[in-house]
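> One-letter residues, chain by chain:
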Amino acid sequence: MSGDNDRILTGAHFLDGDHACAEGAIAAGCNFVAGYPITPSTEVVERIAWRFPSIGGTFIQMEDEIASSIAIQGAVWAGAKAMTVSSGPGISLMLEHIGLAAMTEVPCVFVNVQRGGPSTGLPTLPAQADMMQARWGSHGDYEVIALAPNGPQECFDLMIHAFNLSEQYRVPVLFMMDEVIGHMTEKVVIPPRNEIKITPRRYTKLPPGEYEPYVPGDDLVPDFAKAGDGHRFHITGLTHNEKGYPVMNAECQEQLVCRLVDKIRTNVEQISFFHEDGLEDADVVVVTYGISSRVGMRAIREARKKGVKVGHLRLVVVWPFPEDYIRHLAERVGGLVVPEVNLGQVVLEVERCAAGKCDIISVQHAGGAVHKPQTIYDAIMEAVR
Amino acid sequence: MSTAPAVENPVEKLLRADRMPHIWCPGCGIGTTVNCFARAVKECVSDLDKLIIVSGIGCTGRVAGYLELDSFHTTHGRAIPFATGLKLANPELKVVVYSGDGDLIAIGGNHFIHAARRNADITVICVNNFNYAMTGGQVGPTTPLDAVGTTSPYGVCERPFNLPFLAESCGAVYVARWTAYHVRQITRSMTEAMNKRGFSFVEVITPCPTLYERRNRLGTGLDRMQWFKENSVIKNGVDTRECDIAFQQKIVCGKFVDADRPSLLEMVEAKMASVLHRQRWERMSREQQKPIAMRGMKV
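Chains R and S are the protein sequences, given in the same order.
Here my numbering is used: the first residue of the first sequence is 1, the next is one more, and so on.
Here my numbering is used: the first residue of the second sequence is 1, the next is one more, and so on.
Fair warning: there could be bad hints in the mix.
Claimed, not checked - Restricting the straight-line Cα-Cα distance to at most 25 Å, the calculated cross-link-like pairs of lysine to any residue (SDA-like) are:
| # | chain 1 | residue 1 | chain 2 | residue 2 |
| --- | --- | --- | --- | --- |
| 1 | S | Lys229 | S | Val183 |
| 2 | S | Lys196 | S | Ala273 |
| 3 | R | Lys226 | S | Val183 |
| 4 | S | Lys13 | R | Asn241 |
| 5 | R | Lys226 | R | Val384 |
| 6 | S | Lys196 | R | Gln61 |
| 7 | R | Lys372 | R | Gly121 |
| 8 | S | Lys13 | R | Gly121 |
Claimed, not checked - In silico contact screen, one side only, chain R against chain S (beta carbon under 7 Å); selected entries:
| # | residue |
| --- | --- |
| 9 | Thr58 |
| 10 | Ala71 |
| 11 | Ala80 |
| 12 | Leu100 |
| 13 | Asp223 |
| 14 | Ala227 |
| 15 | Gly230 |
| 16 | Arg232 |
| 17 | Phe233 |
| 18 | Gly334 |
Hints are computed from structural coordinates only; laboratory data are not their basis.
Think of the CB as a built atom: it goes at the ideal place given N, C-alpha and C, for glycine as much as any other residue.
Pulled out of the complex, with its shape left as it was, chain S reads as follows (with noise of 0.2 Å):
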């Protein structure tokens, strides 16, 4: 009997082996995500302990409690707050929210723009598999106009976020989106966003073959990689208008946006030094206008 080397999974050490097997179902394209995430990592964060990840509710929600990191599953919608809280209070930690396309756009839509536009330091995952999984495959703030989903059984009749659009329009200073078969530009992206000052943003199109591409007629997950293959065009630095999602056509992927803006915790320590420069100067002042008895001199 022949014994083949142990080799090491590259990414094991960032994951909570205990946790295994993950909740996620064949053909998911959570974990290609997270696999990509764990390489970025890798590459880009010397200090582990010093990472934070924070997700919402969902299937993505979960990926925090399999991250062998400071992890947090917050409430529905909320991981945003949460995280703008955590990196305020202490801005050496490097925060990150992972979470779907329902928690971060529809019920988390308002923190969203608003991170955005404060420019929170946080980078935001966000995996769109436009339904909500957890929940058995409703129709969700990115589902396609017409595709189907159990709470949209003859078709959506409303138009979906682009949003990549939307997180540049408010304010976001990284903003990228893949598939799930774009692995390599997936794990660049998010190393690139881990990066960034500010509020950087990742969309990863997956598949869900259990709920979106059974109830759409779509195939399995391997057709549904096989489809983003052949139908995503790689359009880097495009206007973000032109990223709009119709169902079963072209997905615009690529890295849109990378500017720099003063982050939040930039905007706050300018503003509070010179604050502390005022008070200062006012102090001293009024210090200088008292009568010389009271400044404490000798007279």
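Here chain R stands alone, though its shape is the one from the complex (with noise of 0.2 Å):
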């Protein structure tokens, strides 16, 4: 009863982004959820919790954020694809998790529907605010990927995509939608189960006695082993050597903080997502992602129509952050306009790598709607003065 035309409802839908992004992990062979909700991201949780029964998932609301962010680590090590969803107050408590995560390599994805903080802030209202957070909110040096889809297509297609890099780089990731992209609804395509590509997990060849947890592949990524395979493995958050085993030390900790971070840092390009809009001859560049890139958009046409050379970078991956491209579309263009509804995130990263090449024009919102199209339009204008 559970084959593929239970899992994959191909065929043309009206979604939100919170249902897609829930039929996007379906999709991605995603089999166990755990949760605890919260609004504006509780809808996914929900259709996970009416849909995972007759496709053989396994979903738990459990006591809290905290809870929930680990037990799909659990199930992860058991030989599940897992993933938790919450929002800014949630994803706050799961943080020390996220850590583990990246610590321990597990594969697994982090939703968070954004709304409006810090705090209980807006919770029925948008933002992008948790941006940072998403890069630097665990503590210790790290590196996680982070997507931010625009729409309820991309809810579903990015999911897979989350999906595969997790399971390619062995790292958390962060699917970064907000409250505005979660309840929008429009018409998403799933398509047949052949057209999906799925990254399979990493699991090791090696026999019982042979296999080491930690031992780096060519790229920097250790292959796989589950729970109950024979292979007695120990895992701990603590520091660890190649066995698993913890090493007190400081030459330990380089070696293995180095990788976990190199594993990211030296497959930026492969991992680099975006797209690209009348860049070639731009004068200005607008640089945006998730909601942000759709009020972007149409001030890029208003202006457009006034004759201005005004190209779109739409950033698909946040994290890591395309620096070098960055560094070269900031030699060609006078000014990069960045749009996002917080007080100036991601934005630092673009002044950053663009080092003083350009202008940089930072277009802040403190939340609780999106921008208006005249906001960003306005920015454009002052970037091409």
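Mind assembling these two chains? They're in different frames, but the hints should get you there.
What follows is the structure, given as structure tokens:
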């Protein structure tokens, strides 16, 4: 009864972003979800809870977000593909376990349907103010991957990509939606099963006795083994050697933490994913991600009507940040306009990479709504002045 | 020169010899409980590959790292939800949480009560040494009233948890308590707990001579074992409300609860079976309501 027909709902649907996100996870092969209710992300887990029985998945509503964020990691070690879903206050509680997933290299997905903050903030209204938290929220040095969909179709498509990236690099992937994306209803086309590409888990081919959990491959990523297969491995959040045993010294720390960071940093080009529009002869480029891209597009269209050569760079993968790309872009344009529903987060990275080579205009919004197109239009006009 | 015949350590195969010596202090009771656990495992677990051990943080949190099993040393207080996810995702595994009182009951207290409530299919072994030892002897949720810790230099003024009562009232199907002196009883209770479906709980009171006993002037580890021997009262089946521990008063030990209640997995499986049955039935009846031509039948 749990065939692919039940699992992948091939066809055209009218879905909101939260529901599309759930379908994307299911299509990606996700079969374990732990969550805790929080606006505006709850619909994701509601759909999962409704859909999972007939496709053999396990959903559990845990006692809090802390429990959810580590229950999924237990499930991954048992062989599941797992995610948890939350919003700002819940993600804040999960941060320690994003660090654990980074440290112990657990492939899993954390969905953050962003709302206004800080603290309880604006539960039912949007923001993009958790972008730096996504990058730096847990303690210590580590790298994650973060994606920012800009509509329900991408909530579906990019969830599959998010799971694939988490499997390929064995990192937690943060899926940075926001309230508007989550509650926006649009046409979502779910492709046939054979058109969905799934990156399989990198299971070790070594027999028990020979396998050590943290021996890196050529791409710095170690192969995985699941609990119960006889490898008798040890996994710890402490600094550990290739055998997984704790080692408390600076040498082991450097070896491990540098590898965790380098496995992402040395692959930025492969991981980076962005959409370019009209960059070839642009004087000004609007750099966007998530919901801001949709408002930005309207502003760009209006500016182009006035004859302004304005390009659009939309970051789909925000972390790791495409540093080299932005550096080169800054060398050939007059200005970069960065609208975000926060008081200037990703713009800091843009500014750092541009290193004074062009003007940077941060178009800020404290949250609770998205920008008015006019605001971004004005910023574009200011940039070409 | 005569050589004595080599005697094999009966639990050696379950320990990671390459990680010895361990970090525990002389006189600490955690090693005693690990020895008991290894013996219990030998007795009741046929496939060691399917036995998974999960620990949190603290002195007892290090147990996972010394056992030659698939073992997880997780974050502080979160061993239980990790174990819950592991077990749900692969019900074939036998999952044991092995951690300390501060880890399981203070920072992890919420997970403890909810795992017991939902009767999660895990065994929880709590080594209770009455304080936070890894960090130097601070008071915890089990430190007896008036005992001294580094964060209560004048004596504790909060009531401690009575763990057997807490576990039972939240729904645990197996509850036992022993001291480190009761090695045979510990082994038997661990065996029984692991054979149980649902949430089983074993508390072991242990000496922490470096911190708790020293600060409270209770002598060495050996003195403490002598004290446990003389001051434990075995009351199997007693009402767990009578299991409070007061400073230097008698410690009630025994097996208190051995009940049967459908476990989380059993409840989930039963529910899913009925959901799938209903969905099949609904699909079938929808099918029958369609015009014949749409049913894929030749007219």
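> Determine for every hint whether it applies to the structure shown.
Cross-check of the supplied hints:
no., hint, verdict
1, Lys229/S x Val183/S, "holds (11 Å)"
2, Lys196/S x Ala273/S, "holds (23 Å)"
3, Lys226/R x Val183/S, "violated (33 Å)"
4, Lys13/S x Asn241/R, "holds (22 Å)"
5, Lys226/R x Val384/R, "violated (56 Å)"
6, Lys196/S x Gln61/R, "holds (24 Å)"
7, Lys372/R x Gly121/R, "holds (21 Å)"
8, Lys13/S x Gly121/R, "violated (55 Å)"
9, Thr58, "holds (5 Å)"
10, Ala71, "holds (3 Å)"
11, Ala80, "holds (4 Å)"
12, Leu100, "holds (6 Å)"
13, Asp223, "violated (15 Å)"
14, Ala227, "holds (4 Å)"
15, Gly230, "holds (4 Å)"
16, Arg232, "holds (6 Å)"
17, Phe233, "holds (6 Å)"
18, Gly334, "violated (48 Å)"
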